[in-house]
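The chain contents come next:
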Amino acid sequence: MSTDYQYVPEPALVKGDHSFGSITDLIAKTPLSPTPKLWYLAFGLANILLITLLGAIGYLIWDGIGIWGLNNPAGWGWAIINFVWWVGIGHAGTLISAILFLFRQGWRTAINRFAEAMTIFAVMCAGIFPAIHVGRIWVIYWVFPIPNQMAAWPNFSSPLLWDVFAVSTYFTVSLLFWYVGLIPDFATLRDKTKSKVAKITYGIASLGWTGSFRNWWNYEKAYMILAGLATPLVLSVHTIVSFDFAVSVIPGWHSTIFPPYFVAGAIYSGFAMVLTLMLIARKIYGLEDIMNIDIMEKMNLVMMITGNLVAFAYLMEGFIAWYSGYIYEQGIFWLYVVGPYAWGFWILMFCNVVTPQFLWFKKIRRNVAITFVISIIVNIGMWFERFMISVASLSTDFMPSAWDYYSPTFWDIITYIGTFGLFFTFFLLFLRFMPMVAIAEVKGVMPQADPHNYDEETNEFDIEKTKPVVVQQEQTV
Amino acid sequence: MAQIFPRWANEVPQRILLGLIIFATATVAGVWYYFSPEYTDVGYAPEQPIEYSHKLHAGKLDIDCQYCHTNVFDSKHANVPATQTCMNCHNQIDGQNKPKEVQKIRDSWESDESIEWVRVHNLPDYAYFNHAAHVNVGVGCESCHGRVDRMEVVRQVEPLSMSWCLDCHRNPEQNVRPVEEVTTMGYKPEKDQIEMGRELVAKHNIAPPTYCQSCHY
Chain A
13 MSTDYQYVPE PALVKGDHSF GSITDLIAKT PLSPTPKLWY LAFGLANILL ITLLGAIGYL
73 IWDGIGIWGL NNPAGWGWAI INFVWWVGIG HAGTLISAIL FLFRQGWRTA INRFAEAMTI
133 FAVMCAGIFP AIHVGRIWVI YWVFPIPNQM AAWPNFSSPL LWDVFAVSTY FTVSLLFWYV
193 GLIPDFATLR DKTKSKVAKI TYGIASLGWT GSFRNWWNYE KAYMILAGLA TPLVLSVHTI
253 VSFDFAVSVI PGWHSTIFPP YFVAGAIYSG FAMVLTLMLI ARKIYGLEDI MNIDIMEKMN
313 LVMMITGNLV AFAYLMEGFI AWYSGYIYEQ GIFWLYVVGP YAWGFWILMF CNVVTPQFLW
373 FKKIRRNVAI TFVISIIVNI GMWFERFMIS VASLSTDFMP SAWDYYSPTF WDIITYIGTF
433 GLFFTFFLLF LRFMPMVAIA EVKGVMPQAD PHNYDEETNE FDIEKTKPVV VQQEQTV
Chain B
255 MAQIFPRWAN EVPQRILLGL IIFATATVAG VWYYFSPEYT DVGYAPEQPI EYSHKLHAGK
315 LDIDCQYCHT NVFDSKHANV PATQTCMNCH NQIDGQNKPK EVQKIRDSWE SDESIEWVRV
375 HNLPDYAYFN HAAHVNVGVG CESCHGRVDR MEVVRQVEPL SMSWCLDCHR NPEQNVRPVE
435 EVTTMGYKPE KDQIEMGREL VAKHNIAPPT YCQSCHY
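For the record, the sequence lines run as chains A and B. Residue 153 in my numbering sits at position 141 of the first sequence, with consecutive numbering throughout. Residue 435 in my numbering sits at position 181 of the second sequence, with consecutive numbering throughout.
What the hints contain is simulated information worked out from the structure, not anything from laboratory work. One should not assume that every hint holds.
[Claimed, not checked] Residues on chain A that point at chain B, a partial pick, calculated with CB under 8 Å:
(1) M162
(2) K211
(3) I212
(4) G330
[To be verified] Ranges between beta-carbon positions, derived for each pair:
(5) A/P157 <-> B/L274: 15 to 25 Å
(6) A/Y52 <-> B/L420: 50 to 60 Å
(7) B/L274 <-> A/I60: 28 to 38 Å
A quick note: this is a predicted structure, and the numbers were derived from the prediction, not measured. Ideal Cβ positions, reconstructed from N, Cα and C, are used throughout, including at glycine.
Same shape as in the complex, but just chain A (with noise of 0.2 Å):
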């Protein structure tokens, strides 16, 4: 190894010469300025949606689960694999917002806003599908451990009761999360806004905050402990909605890999999602400075590496068909590759397999264009990902007398592009109404915000003066 080895300071977090008031106008702008003739046509556009999804759902329980395009072998249809995607795509929100917090990652302030608020969304659109793809929807209740005039009690060994909690856990947990990360930004916006009925509603919704001493101590303290909750629950939650596979008997589904392997799945879409959202607002909203293209390189950083987890996961499930030595392992892996959804097989593995391996190169990584191409890539391939373990599994399993062919009807794909409606209609009133980054994070991690920013001798990095600190440091140890 060469010695000759220097230390490379990081690029800085906020681009161009930005002030701390700078950066609060930035922000505080697209909240607190008119709305633009844009957004209401696409917020139009999503509502049309949202109407359409509504419309859907009420014609699935007015006339049953028959309208889609389920069979007896594949019972779990686009309704589960929709479930799957849109809890997926919500873990991106909660590892950008917990776990690089708990790794120090500055870089995370950028996109951390932005990132819960499209997890909320995210597993909002996901809820609705669990509780509409049963055939009574009116008893759904019935899930929950209530003391009830029937002596019943939901059976807590299904995955599927876990999912309950799993789900409306993780929604809590990171409405509660996101929320708290508000209120100093609420706060601002309360003191910037003109308008009487504005400063009210965000004088509510900041609770009081006047950024003392004392509200950013405790508030820190929250912020951390949360932090060091989601990262368990992150990790919990896409486990136990793979455990809905997982725990089976169908071959292709009973598989030890499935809850690491989900998660990296869902990080890896979660990743795309957040990079394909953030790479439209950041030209709309001028926020170019803040979510910059090292921000963006190193999104896809993560991305190349949870892209390759999960291709270290197929590679995996192919080589313990092989090793099994399980004729029905190996037959639904054959028939994954040549059978009747070999298609299906094909399109995941170059989106999920091939796509992260152009992330290699540092000129792709920084291009804004096929960074974009690639985020629409790879969650067409993790929808295919869940479409191939759904679909294909059930329809061809143990006994070759019960295999079936399912494919979709009119009302399993309006469903699913409904749910576009649902998370655009929220992602765009958050986008008009909240600050988009996170205020006071951002500032936190700019120069200006280092104590020793204005010290004489620091000011500009030169690597000799920094050299005798570090010595310093080693010889009290």
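Once you have looked at the hints, place chain B on chain A.
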């Protein structure tokens, strides 16, 4: 910077908290009481096509329950008597109190039209209750239907909810009695009910099922 909220806003959080506590308590208590079969089902006493009085027939005249409800020891379904049963007496006896009501029975007899009794004890069709299985091991009529001999109009006295069924299936000794006393109204056991109940449970080898299949197939 001007003050946004008035002074009373200081008290808003406490008020909201108090309101929430009251609201939550009221909701839980309200649902607990008003949504339960104890409230919705107990006391159901619809108007019948004929003003038939159990109080008169089973109480004053002391007719045994099985005279009319003949199948109760043999069938899963306890029958409502056909017009034939009424006509056993009422082809000769005019109702002294309600001659018009008796006339309705005779009309039914002549016209061959069934009397459209209104069912009071209604279980959903996915719960398969069996009368014979209960009375043959000593569950008295009274335990589930109340003092029918005192009812002018039949009403539901027990909730018939699943937890009510299970309460007895889990602790049958509190309700069983000697089989010959099943139709006795106002039966008083000679010794302690629990003690006698335990003996009867052992004697008849009663093992009330609490698994799904026993009632829901």
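Cross-check of the supplied hints:
no.	hint	result
1	M162	holds, 4 Å
2	K211	holds, 5 Å
3	I212	holds, 6 Å
4	G330	violated, 42 Å
5	A/P157 <-> B/L274: 15 to 25 Å	holds, 22 Å
6	A/Y52 <-> B/L420: 50 to 60 Å	holds, 58 Å
7	B/L274 <-> A/I60: 28 to 38 Å	holds, 36 Å
Comparing the model with each numbered hint stated earlier shows that hint 4 is the single one that does not hold.
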